[in-house]
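Protein chains in written order, with this note's numbering: chain A, 1 to 603; chain B, 1 to 603.
Since the hints were derived computationally from the structure, they do not count as laboratory data.
The beta-carbon is built from N, C-alpha and C at its ideal position, and this holds for glycine as well.
Listing some non-contacts, in silico: residues in chain A with all C-beta distances to chain B over 10 Å: (1) Ser18; (2) Pro39; (3) Gly413; (4) Tyr424; (5) Gly428.
Simulated coverage check for chain A against chain B, where a stretch passes if three residues somewhere in it have a Cβ under 8 Å from a Cβ of chain B: (6) 255 to 269; (7) 282 to 291.
If the Cβ cut is set under 10 Å, some of the chain A residues that face chain B in the computed set are: (8) Phe493; (9) Pro496; (10) Pro536.
Number of protein chains: 2
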Amino acid sequence: WHARQAVNAAATLAHCESWMERLGWLANFDRVADGTTSPDRPGWPFSDSEVYKLLEALAWESARTGDPEAETAIKRLTARVGRAQDPDGYLNTCFGHRGRPPRYSDLEGGHELYNIGHLLQAAVARLRTSGEDELVRIARRAADHVCRTFGPDGLPKICGHPEIEVGLAEFGRALGEDRYIEQARLFLDRRGHGTLGDIPLGRAYFQDDIPIRQADVWRGHAVRALYLAAAAVDVAVERGDDELLRAVERQWERSVARRTYITGGMGSRHQDEGFGEDWELPPDRAYCETCAGVASIMVSWRLYLATGDVRYTDLIERTLYNVIAASPAADGRAFFYANPLHQRAPGRPSDPDEVSPRAESGQRAAWFDVSCCPTNVARTLASLGGYLATTGDDGLQIHQYAPCDIDARLPDGRRVAVAVETRYPDGGTVRVRITADEPAPWSLALRVPAWADGATLDEDGRARPVTPGLVTIRRVFRAGEVITLELPMEPRFTWPDPRIDAVRGCVAVERGPEVLCAESHDLPRPDALDALVIDPRTPPRADSGGARVRGRVPAHRDRPWPYGPAVAPAEDGEWFDVPLRPYHSWARRGPSGMRVWLPVSGP
Amino acid sequence: WHARQAVNAAATLAHCESWMERLGWLANFDRVADGTTSPDRPGWPFSDSEVYKLLEALAWESARTGDPEAETAIKRLTARVGRAQDPDGYLNTCFGHRGRPPRYSDLEGGHELYNIGHLLQAAVARLRTSGEDELVRIARRAADHVCRTFGPDGLPKICGHPEIEVGLAEFGRALGEDRYIEQARLFLDRRGHGTLGDIPLGRAYFQDDIPIRQADVWRGHAVRALYLAAAAVDVAVERGDDELLRAVERQWERSVARRTYITGGMGSRHQDEGFGEDWELPPDRAYCETCAGVASIMVSWRLYLATGDVRYTDLIERTLYNVIAASPAADGRAFFYANPLHQRAPGRPSDPDEVSPRAESGQRAAWFDVSCCPTNVARTLASLGGYLATTGDDGLQIHQYAPCDIDARLPDGRRVAVAVETRYPDGGTVRVRITADEPAPWSLALRVPAWADGATLDEDGRARPVTPGLVTIRRVFRAGEVITLELPMEPRFTWPDPRIDAVRGCVAVERGPEVLCAESHDLPRPDALDALVIDPRTPPRADSGGARVRGRVPAHRDRPWPYGPAVAPAEDGEWFDVPLRPYHSWARRGPSGMRVWLPVSGP
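With the rest of the complex left out, here is chain A:
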C-alpha cells in the first residue's frame, strides 16, 4: 500500500487537477465568481464534487507526508472555490446563477446537496489534520445555508444522491456542533416516503422507496445506498439511536450474504449502477463501481467502530485488495470505473489523452465523462493509514497489515507503540514489534482474517494456533519484543453458494486476502477462456504471488443452435497448468480477457 500511496501522491493528485482544469470544471468556479455563467457549462452537475474530493485527498496527503505541494494545491483550489460562494453561503456552479437553472430546481438529478456533502468531507479532513482554515470556513457557511434552507421549517426535501447526510454528520462531529448532525438526521428520516419525484428507474434508485429504518437490504444505485448507510451509522452513533444502527447492520448482513461479489464489489447492474435482486451476481456484467467499493469501506468502517465486530474489517480488507487496488494503473494515471469479474472480449486500449465516455471498457481510462472514481480512489489511498488500526480504552487493535509505525496514548495516558513489519500479502508473516516500554499492562489485538484457518501467533518463540477474529494479548509489553502472526498463504479453492445462479458449476481461487483470476494472456488460444475447465480435485499450487491450477480447453464445435439433447462432455484437450494472478493486477499487461470464476470439469 505504501507504493500505491506514493504513486497516488506523485501522479494521481496532479493528474486529477490537470484534467479538471482542462475540462473547465475548475473554471466553472471562476465563472460564478466573475458573473460570467451561461447556459453553456462544461461538466455534469456533480463536477464540483470532484474538486472537493480532490481537496479531501490533498488534505489527507498533506497530513500524511507534509508535502508542501499538497498544501499549496489546497490553498490554490480553496481560493477558487471560495470566490464562487454566494454571500448567503450557497455554493454551486451549475445552478443558481445567471443563465443557469434556479437553486434547488432539480433535487432528483441536480446533485446540489451532494456536492456540498463532499465539500464538508473535505473540510473534515482539514479539521482532523490541521484545524480550521479557509476551506473549513467556506464549508461552514455552506452547511449553515443548507440548514437554513432545508431545516425543520424549511423546504421538506432531500437530494437525489445521498452524501450531504454523511458530510453534515461528520462535520458536526468534527466541530462538536449538534445542529449539523440534527440536519443529517432530518434528511435521513425524510427519505423513503416518496419525497422525490418518481423516475423510470423507480424510487428505489435513490432509496426513496422505503424509510431506512424499515429496509432489510440495500437496493438501487449502489453508491447512493452506501453513502446513505454510512450517514445513518454516524447519526445512530451520535444519537445513541440503536434502532437505526440495527437497521444498517441488518441491511449489511443480507446485502453481504446475498448481493456482494467475492471481490467485495457491490452493484450487479449496469442500467442503474445498482444492486440487483438477491443472488443476482453475474460476473460478466458485474458493475462493481470503484466508488461503491469506497463507499462500502466507509460503511463497514463506521459499523466496526460502532460495534467492534471484525466481520466489518474483514470485508474492508477484501474490498481494499480486490476493488480499490484494482482500479488505478501502475502509473496512477488511469482507472477502472467498473470492476467486472469476467471480461469476455479484451477491451480496447484507452487513449491517455481522451475522456472515456464508457465506464465498462475493460481497460483503465485516464478520465471519464462521469469521473467520480479517480478522486474517490485518491482520497481513499491518501487516508488509508486511518483504517489500519484503532485504539480503545485498554489498548491497540490492528486491523489491516502493512508496514507502519503506530505510537499512541490511551485515554489514561498509557503509551502503546508498535512497528508492523510485513510483506503481506506477498508473505503471510506479520511481525509486530513493541517500540516503547510501558510499565502498565495493555491489550494488543490483532485481526485474524475469516479465511485464515490455521493461523498461528508466536510470542517469545512459543507459537500457538489462533482462530479467525480478534486475538487479544493483555499484559505488560517491553520495547523490542516481537509478536508474530503467521497467516496461511496457500492458495485455496472457494465455492459459491448454490443459489448464485450465474457462477454455478464454477470455483474461484483465493490466496490470502486476494482473489485470483485467469487471464487470456496466459492461455494458449484467444478463445480459450470461453471453454477453459479446471480440475477441482487437484488443489491449487502457490506460484509467485498467484497460483496454478490443473485445467484444459476442450475444443467445442459450434452447433448451429446451441441448445439440444445432452452431449457427452468434451474430454479432449491436454491438461496443463493454468496460471492465476491477483485479480487486482488484471489487464496491467494490456487488454485481456479475464475470469475469476472457473468452470470445473464434469464428475
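Please arrange chain B on chain A, whose structure you already have, making use of the hints.
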C-alpha cells in the same frame, strides 16, 4: 393463433388507438396541421411511428376479416396524418415546425427517418391488400421527400434507428419503383463508417461501427440491428447482391449460435437493449424485447424466401411461440416489453389505467412510456397468415401449423388447395386435406421442425418416418385425400452449450415448439425457486400442455459470507413433482417468480 388474432382484432387495436389519443400522440398530428406546435409536445420523437404501426396492423386486419371498423379506423387515422404533411412531403410532429427543433437536426436520436420507414410499411400493407389509397399517396410524398433530401447528391447521412431502409425497399418492391430500393441501398452502404456522431454507448449501438457487408455478428441495439438486416436481405434480393445476402446469413448464423436465447429471444442487455458478447445470455437480465422478436421474424422470413432454408422457418416458429405469444395478456390489453427467462422476485401488478415507465416490471403493462411493443405485436398477429405457407413454381410449402384454408394457383395455373386441421401445439397431429382436384402433379412440402426426431408422415394409411427439414410429396393429389404429419410431443430435456456461462449446470424442458418454465405459483414456498433442483435422470412426463419433472427444494441456510470451502451438497428436501407450463403463459395467474433453466441436482 386464431384466438390470439381474434383478441388482437377485438381488443388490442382499439386499445392502442385509445392510448395514443389519450396521451396526445394523435393530437400531435392535428397540432402540426393547425400550426399550434410548441416546445411542449407529448411523447417521444418516435411516437408518430406508433400511429403508423397501428395503421399497418389495421390494414392487415381489414384484409384478414373485412372488418368495416378496421377500414373506418384506417380512414380516420389517415386523414389526421395527411393533414400534418408539409407541402414538400416532410411529415413529422416532433421536428421542423414552429417551436420545435429544425428538420434533421438530431439524426442520431430524432427518429425522423425511422418514423417514415414505418409509414412506408403501413402503406405496403395497404398496397398488398387493397391497392393505392390516400395512405399510399401520403407515403409516396414522404418517400420522395426522403429521396430528394438524402439521395446521392443530398445530405450524406443516415438515421440513428434503422427502419427507413426496410420501409423504402418494401415500398419500392410493392410499387415496382427502383429508386426507393436504390435509396435503401444507399442508406445501407452509408452506415458503418462513423457517419453518425459517437455516443456513450458507442457507435455499435446503431450499427454505425462496421459496414454491414463486413460484419460477422449482430451487435448493439437488437431491434436496430435486426431492422437493418431485414432491409439488407430485401435489397440483396432485389439487386441480386449475393455478397450482401451472404453477409446477413453469416451474421444470422453466429448470432443464432452464440447470442440467442432458447426462446428465440434476442438482446442480453438492459443498458443498451442490445446484444451482448458471444455466450453472454443471462436468463435473469435477458432483455429479449418483444420488438426484437418481431424484427427477428422479419429477418428470418426474408432469409427463408431468399434461400429456402428451413433453419429460418424453424427459428420463426420458436420466436412466435416463445416471444410473440408471451407478450399480450389474455385480454389483449397488456403486454410484456422485456421477456426475461428468469424472474426472481414477482413483479407488482401494473395498473391498467397507467403508463408504465418500466419495461422490465415482471408484469404485462397496458402501455409504456416507450410503447413500441403493443403495436408491433398487433401488426404481427394481424399479418400472421402470411407466414404460414408459401408457393413456388411447383407447389405449396407449409411452414407453420395452424388451422387454415389455403387455395392458390401456381404460376402455370395449377391449383393447389388444402385445409390444415390441427390442435398443434396442444397435439402433434397435423392433417392436411386436399380440397381441390388438380389433374397435374404438384409438390406438397411440409416443414418437420428441427426438434421433431421421430416424426412420421401418413399417406393413405401408410406411415413412414420423416426427418427434420422440408418433406416433399410430388404427385397428383385428389380432393378429400388426407396427409397426416405426426410430430412427437413428449416433453424433452434440452441442454445448453457449455460455454453459456449463465446457465451452466441447468437444463430446460421443451415440448414441441414450446419452451416450458417453472412458476412460483406451483411451488411450496415463495423462495423455493431460488433453491429448486431437478433430477436429470428422470425424464419429464407430459402433463396437460406442460410437463412434470422430479425436483426438490433443499433448505439452504444463509452463510454470513456466501463464498467458502466446499460444502457437501444439500441432500434434504423431499422429491416431488414440479409442474412446468409453457413459458408464454407465465404470470397469467398474477405476478410470479419464474425460471426456464432448472439447476440439476448433484452428480
